[in-house]
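I would like the entire structure built from these sequences, with the hints used as guidance.
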Amino acid sequence: MLNANELGAVFAYADSPYLIVSAEAAYPIVAANAAASNWSHFDADKLIHESRVAGPAKFADLLGLPETRLVDLFGQVISTLQAIKIKVEPPRLPDNDLPVNECASVLEIFPLITNNQVTYLVLKVFLADKILPEPSASEIAHIHLPETQQSLAVIFDSLANVIFVLDVEAPDLYKFSYVNRAFQVTTGLPVSKVVGSYVQEIIPEPSLSLVLEKYHEAITKRKQVSWQEVSEYPAGQKTGEVLVEPVFDAQGNCLRLVGMVHDITERKEIEVNQMRLTQDLYQHNRDLEQFTYIVSHNLRAPLANALGLVRHLPNMPTTTELYQQYLSHLITSIEKLDTILKDVTQILSVRDRQNIDHYEAVVLAEVCEQAKQDLAPELGACGGHLHIAVAPDFIVHGSRVYLYSIFHNLISNAIKYRSLNRVLEINITTINTTPEEKTIQFSDNGLGFDMNKYENDVFKLYKRFHHNSSIEGRGVGLFLVKTHVEALGGNITVKSTLNAGTTFTINFKSRA
Amino acid sequence: MKIFIIDDDEISIFLTERSLQLGGFKAEITTFLEADAALEVLKNAPEEELPNFIFLDLNMPEVDGWEFLAAFEQLDQERSLNKCAIYILTSSLNISDIDRANEHELIKGFIHKPVNLEDMEAILHLNY
Chain A
1 MLNANELGAV
11 FAYADSPYLI
21 VSAEAAYPIV
31 AANAAASNWS
41 HFDADKLIHE
51 SRVAGPAKFA
61 DLLGLPETRL
71 VDLFGQVIST
81 LQAIKIKVEP
91 PRLPDNDLPV
101 NECASVLEIF
111 PLITNNQVTY
121 LVLKVFLADK
131 ILPEPSASEI
141 AHIHLPETQQ
151 SLAVIFDSLA
161 NVIFVLDVEA
171 PDLYKFSYVN
181 RAFQVTTGLP
191 VSKVVGSYVQ
201 EIIPEPSLSL
211 VLEKYHEAIT
221 KRKQVSWQEV
231 SEYPAGQKTG
241 EVLVEPVFDA
251 QGNCLRLVGM
261 VHDITERKEI
271 EVNQMRLTQD
281 LYQHNRDLEQ
291 FTYIVSHNLR
301 APLANALGLV
311 RHLPNMPTTT
321 ELYQQYLSHL
331 ITSIEKLDTI
341 LKDVTQILSV
351 RDRQNIDHYE
361 AVVLAEVCEQ
371 AKQDLAPELG
381 ACGGHLHIAV
391 APDFIVHGSR
401 VYLYSIFHNL
411 ISNAIKYRSL
421 NRVLEINITT
431 INTTPEEKTI
441 QFSDNGLGFD
451 MNKYENDVFK
461 LYKRFHHNSS
471 IEGRGVGLFL
481 VKTHVEALGG
491 NITVKSTLNA
501 GTTFTINFKS
511 RA
Chain B
1 MKIFIIDDDE
11 ISIFLTERSL
21 QLGGFKAEIT
31 TFLEADAALE
41 VLKNAPEEEL
51 PNFIFLDLNM
61 PEVDGWEFLA
71 AFEQLDQERS
81 LNKCAIYILT
91 SSLNISDIDR
101 ANEHELIKGF
111 IHKPVNLEDM
121 EAILHLNY
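One line per chain: the protein sequences are A and B, in this order.
Heads up, the first sequence is in the UniProt record's numbering, so the first residue is 1 and it goes up one at a time.
Heads up, the second sequence is in the UniProt record's numbering, so the first residue is 1 and it goes up one at a time.
In short, the hints are calculated from the structure, not lab data.
These numbers come from a predicted model, not from an experiment.
The hints are all genuine.
If the Cβ cut is set under 8 Å, some of the chain B residues that face chain A in the computed set are:
{"#": "1", "residue": "F14"}
{"#": "2", "residue": "L15"}
{"#": "3", "residue": "R18"}
{"#": "4", "residue": "L93"}
Just so you know, even glycine gets a beta-carbon here, dropped at the ideal spot from N, CA and C.
Structure (structure tokens):
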């Protein structure tokens, strides 16, 4: 027969409150599960202690039954060896707002029998409307259970948690001697296949090594061991909280291990999703913070200039050449302010529209050709070549305007930052096109940049890497390219070698 | 007296120059749009050509103000540059920049743009 700890382990994670009571006089509680603690607002140790001190009075109160009535019921179960169900009305406790504690609950008392003697009573409390369609006229409903050992199996099969018993045949050799129905539901392995099999035939690596180590620990430390594990079963990947209790004979040899698994796969999946969502939000927030910082910083520079210039003006004769110089600088500064505000408006409008559905099937080759035509004068002026090797059926689902902007910006950049030592060559190719993913490569043989120094800054707003004042640029182009690519649901990366060229890789996930 | 202004913004240079003039600095001012060029001069100039003051912008492409400071400290090991008083000029209102500037012993002060006459008069007063 199982001892109280093992019984406790079996019911530990059940949703309904379970109390296990010794069948001896005064009926001390020997185990209470977490649901029972929640329901009674006493932790298990306190419940156990109270019942040792005051007998069944405490939980009779909790159940809303007179103590004598409860003792009678126990006596009845013990003498008849039969389980009983009774409708109870647990009082609403002052500090307990759990709905479970409202009226129309049912108390069920099972006998656990060894050698024709009741050793333990299992008390279960559950809501009546779930089980009993109508409260019977008589308060007590008798249930006839055929064999009590069998009734234990019935209880185990009714639990949502996996229960298993392993016989210890030799050190580190364990054979399944019992598994409940939940084992089959959770793993997808039939009970008939599991019972009689050795652990290593059932549990796959890498869980197996972990499990064997934990079994060993439970046996050598002679105590309950619990852990979390992730395993691949026919029913899919499962995450479980496992608890194993060793059972010893009088000589102290470990005979078997009683185990219980609480399937927390769903909870884990939710956790992982939440984690991903949190990371996305965090990243988005960081982007926005950085955007705000950069914008305020870059607005501040021309504003500070304008302010400084204006402060000098009052004491300056208006007819001087110096005065004209001040005015011209003032105009430049204010125009710069205006440009930055326009950039901000443009960037924000892309972000705003990110979630609006304006998807169309865009033929990439057409967009590239259009950008090439529009930039033909600039390309012609520097003698550069643009080769477009894009399959005519390469289609991106999204906004044509954004896609055009991406290639217009990339081509303009390639022209701007070309090397004067060689003829500019730009290549647009598509590679690695699978049904799931589309990849575009854009490469040039231009000035390039030092990846070690600038890798993290390439796509940042108002970052520039070339001081050459003959090259016009504000550091907005690549930021916009990235913003547009992301608005289309893609991502962009860059590789560059100083004085050799730059390659951008754009990935688009196909839309189902 | 010799002064270097290192700033990638031409209008900002113009303002700093004008403020120095209006603030009473009688100085020979050399301006640099790129920090590289200023480092080159500092490396090779004879002692008497070294500036008494360097006004340094922080936010510049390629070699920025911080990188200039690192290179300057390196150069200071090779030849003494301690006659050069460095003042940071910045439009940043970021407190972490000020903290970071305080870690450099060579930095004599931190001036927020726009530069005003009072700043310049105070610097002149402090040094002479």
